[in-house]
Amino acid sequence: MLPSRRINRQRIISNERGFALVAAIMACVILFALAMLVIHLSTGDLRVSARSVGDKKAFVAAEAGVQQLMANFDPQNPATTGAVNNVQVDSANDPNTVYSYTAPAPPTFGAPYRQLTGYDMGGGQSWGLIRYDTTVTGRNTTYGTSVQVALEVGCGPVNTSTMPR
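In our numbering, the protein residues as written are -19 to 145.
These aren't lab readings, by the way, just hints derived from the structure by calculation.
Values in this document were obtained by computation on a predicted structure and should not be read as measured data.
A hint or two may mislead.
As the list claims (entries may be wrong) - SDA-like, lysine to any residue: derived pairs with alpha carbons at most 25 Å apart:
| hint | residue 1 | residue 2 |
| --- | --- | --- |
| 1 | Lys36 | Gly(-2) |
| 2 | Lys36 | Arg111 |
| 3 | Lys36 | Ala7 |
| 4 | Lys36 | Leu96 |
| 5 | Lys36 | Asn73 |
| 6 | Lys36 | Ser80 |
| 7 | Lys36 | Val138 |
| 8 | Lys36 | Val9 |
| 9 | Lys36 | Asn139 |
| 10 | Lys36 | Ala4 |
| 11 | Lys36 | Ile5 |
| 12 | Lys36 | Ala91 |
| 13 | Lys36 | Arg94 |
| 14 | Lys36 | Asp54 |
| 15 | Lys36 | Thr140 |
| 16 | Lys36 | Asn57 |
| 17 | Lys36 | Gln48 |
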């Protein structure tokens, strides 16, 4: 009986020889998958934060474009305020943040005036703002972001009534 037990033990041991290798490979695959998941999640956070920085820089550029447009706008002669393209906001520190805007023009739809409440006078006269439409775009080429602002510039008050004085 002793020899048969020895044979059974040897047979069992010989059947389990590759199990340690298979278990080690499975553990390595699981650890590798876990490491790839951690790397994917951390780089995703980096992409989101980089996009957020780029969006903020593009918004600052658009805001600078609005400020510059308003500083250069001549309501008496709006044609002198031309379009500008790719003006750097801060050429020394961030040359990749730029703004552009289109030349202010009368609106293509709707009334060319905005009525002002509280400016109506007796005799049927009404007052409003003459309006011009333009688009300001801020861009950051480092992050590939862009912000576009549709802007309505109003000047006045101007007489919007059809009645003669």
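Which numbered hints fail: Numbers 1, 2, 3, 4, 7, 8, 9, 10, 11, 12, 13, 14, 15, 16 - these are the hints that the structure violates, sorted from lowest upward.
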